[in-house]
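Asks: Read off the chains here:
Number of protein chains: 2
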Amino acid sequence: MKTVLALACLASAATAHAQTHDVAALRDAALQDQYALEITEGLTTEIGPRLAGTEAEARARTWAVAKLTALGFSNVRVESFDMPVWVRGDEKAWVTAPFPQPLAVTALGNSGATPASGIQGEIVAFESVDALIAAPDSAVRGKIVFIDHAMPPTQDGSSYGAFGRPRREGPTIASRKGAVGIVVRSIGTDSHRNPHTGVQTFADGAKPIPAGALSNPDADQLKRILKRGRPVKLKLVLTPRNIGIRQSGNVIAEVPGRDRSLPPVLVGGHLDSWDLGTGAVDDASGVAITAAAAKRIMDAGQPLRTIRVVWFGAEEVGLFGGLDYRAKHGKEPHYAIAESDFGADKVWQVNTKLGMAREGEAKALQQALAPLGIVPGSLTEADGSDIGPMIADGVPAIALSQDGTHYFDLHHTPDDTFDKIDPAAMRQNVAAWTAMLAIVANTPAK
Amino acid sequence: MKTVLALACLASAATAHAQTHDVAALRDAALQDQYALEITEGLTTEIGPRLAGTEAEARARTWAVAKLTALGFSNVRVESFDMPVWVRGDEKAWVTAPFPQPLAVTALGNSGATPASGIQGEIVAFESVDALIAAPDSAVRGKIVFIDHAMPPTQDGSSYGAFGRPRREGPTIASRKGAVGIVVRSIGTDSHRNPHTGVQTFADGAKPIPAGALSNPDADQLKRILKRGRPVKLKLVLTPRNIGIRQSGNVIAEVPGRDRSLPPVLVGGHLDSWDLGTGAVDDASGVAITAAAAKRIMDAGQPLRTIRVVWFGAEEVGLFGGLDYRAKHGKEPHYAIAESDFGADKVWQVNTKLGMAREGEAKALQQALAPLGIVPGSLTEADGSDIGPMIADGVPAIALSQDGTHYFDLHHTPDDTFDKIDPAAMRQNVAAWTAMLAIVANTPAK
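In order, the protein sequences belong to chains A and B. Under full-length UniProt numbering, the first sequence has 342 at position 342, and the numbering climbs by one with no breaks. Under full-length UniProt numbering, the second sequence has 427 at position 427, and the numbering climbs by one with no breaks.
Hints in this document: simulated from the structure, not taken from any laboratory. One should not assume that every hint holds.
If chains are identical, the list can't say which one is meant, so a pair holds when it fits in one copy or spans any two.
[Unchecked claim] Using 30 Å as the maximum straight-line C-alpha spacing, the simulated DSS-like pairs for lysine-lysine come out as follows:
hint, residue 1, residue 2
1, Lys223, Lys331
2, Lys420, Lys328
3, Lys92, Lys227
4, Lys363, Lys331
5, Lys223, Lys235
6, Lys331, Lys207
Because the structure is a prediction, the values reported are computed rather than measured.
Generate the whole structure from the sequences, applying the supplied hints.
Replies: Rendered as structure tokens:
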């Protein structure tokens, strides 16, 4: 009797799916999607750069509310929070000896400032963070540290972890050793004179010093100059400022489910961007892809579960939006959470962390995504930027992992602009997210 | 008897060639050349940017004299000349309405200056120079002109001529129509946020106005903003200065020939560069390739004719070096003149303008270059930048034409740096120039 009932339920559930959401048909139709491109084009054109906590990010929230409302989403709202804000100033660098010439530099997030007239110091160069750690303080004191590295591109972006250390750890270590400033080779894989910014945070007790990134060609140049064996002097002008506590916020919108008692499925990306580019791949495309997928499900009929779209604020400078969402909603049940924040290249792998009991659902997802050229990944691991802390808390999560081979060519540079988006790759993303939502937002199991 | 004598002479000449210069062997050995890379690396590293008439270009001349002397050239000297000098100042642009955001801009050569606080004006956009010409003055007066275009890459670089018009003609026309400033889409084929500078000269009577180039992604962005149909306002800060008359000069070196009564063969490139990059492809590689070829001939034995290596000064800002050389030496006979000033990609075609009487020599050159993948071009046309006026005067000339498909990705941008040089392609250039010199510098006919 139990088996018969279970089968009947399953059949009924399957019928319900079939009525509202034909996964394969929705997936394939999404390969013609225009919503994601339109959102990405609109946000990057009508707002442009939108640094967390600034007036530009506030304009982006207003834009987002209007856009999500116009698309037909429900419960469109902003959840505000306060945060400290750091803004860029002038940024210039010159080798002053032995071969005077300018270098292209940008300040890292939370960099200390030089006087307007700059600072000057002898370069002391290290091949890695570990080499800097190993150096005696006396070799560093009063100098400007240069840390090199050789980050290779990787499909899964994993090189960012290891090779990001000069940016994340270098400034604090250099400061503690008495350096007057630091420049690191950009954490990037391109060869253009557009340095890569990115956040770093001085550890407690470490005095903020001017901290910049050189573009890869400039780091190459500095290496060639250093190789001549003569003392190399650098002049550095970086005049960023901390402008105090300002407001940021998460923009939230929903596709209400048929059964409001069921935990929602959360999808999203982050609305803020670094200030150098217009944040097309980081992360207009993420908010666009996920909202486009939710829009397509909405238009195909009401899903069983509520889909909650979150465009997080202030991700770049310290995951403030993700942490605020977690503080306000982390205790509420979520059926699954997923974030797109790795550009707009094709999804190549699906990873899930839904728990053993939902292995069937994960497998169904793998099968639905296979026709898009997406391979099965882990059943016990998933990641995301803003949602990372909630994943660590144990909230079920899905990661549609994008090919990151070229992501770090553009990441955090002036070159992160709309022209870099490949429409076909972006549509493959929308198809993957649409298929995912069509399955997960219609799965009845609690 | 005459025929016998002629044949004997020919045989003797052929033997003389063979003894000193085996064309094929020299050509093939040059495919392992290190001189050109070493010169390019040295000049771009130890001098870096070297804007005409500045202290940096003077340092480049000192460097050049030392380098050419160390390589064993004779009669190494500088021929100085005076010239007016324009130097870059601050350069920034912002859309201020309807969608406030910064744009990447650089001043064109001889641009007028804005006040330090900038100017502000409504954008009036044109798809071409002809559209600007056709517009009534009333549509332009008091506004900031934007000229778009759609320059495609071409192998022979010929698109530069037609699509360079916005830069060369736009500022004068806009000024005459009463515009307060002008920005043009960069004359370039890349998609990076590095605007392309380049010279323009206000025609007599046209008041210098601020004239800049937007990078291609920024021009795309401005187009998208304009497409929204609302008035677009731009703020422009360009503070270049004319610093008066300064000294530049040509650096000249020679491989003395066995017969000093014979006219020399002139090869070279230009020593100055634009100030944004380190002038690796424009034109450290040109001076390096031609000097490397002359060095290889010198080391293989004294050529019949003198080879004169000229590293011209002040090419970028108005061919001052070429015109000075012509003024001083244009009346002296030259057996052939040739310049390398189109990057470091492979030579794909050989063009000659040696006259009907020397068709055999031109054909021998074509044959010698064919194994390098170089195809025969014209027998009646050749070009060059600094040597252009002398070619127009009728001096025999040779052009080893490089593949320009990617040249305008880098041309006049910050991205023109040493890392962009492909060593194998550069060596193919050296091989071509070495083969050319081995033939032409050993041809006895006057």
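Asks: If a hint holds in the structure, say so; if it does not, say that too.
Replies: Tested hints:
no. : hint            : result
1   : Lys223 - Lys331 : neither (51 Å within a copy, 46 Å between copies)
2   : Lys420 - Lys328 : neither (35 Å within a copy, 50 Å between copies)
3   : Lys92 - Lys227  : within (23 Å within a copy, 34 Å between copies)
4   : Lys363 - Lys331 : within (27 Å within a copy, 83 Å between copies)
5   : Lys223 - Lys235 : within (16 Å within a copy, 38 Å between copies)
6   : Lys331 - Lys207 : neither (37 Å within a copy, 68 Å between copies)
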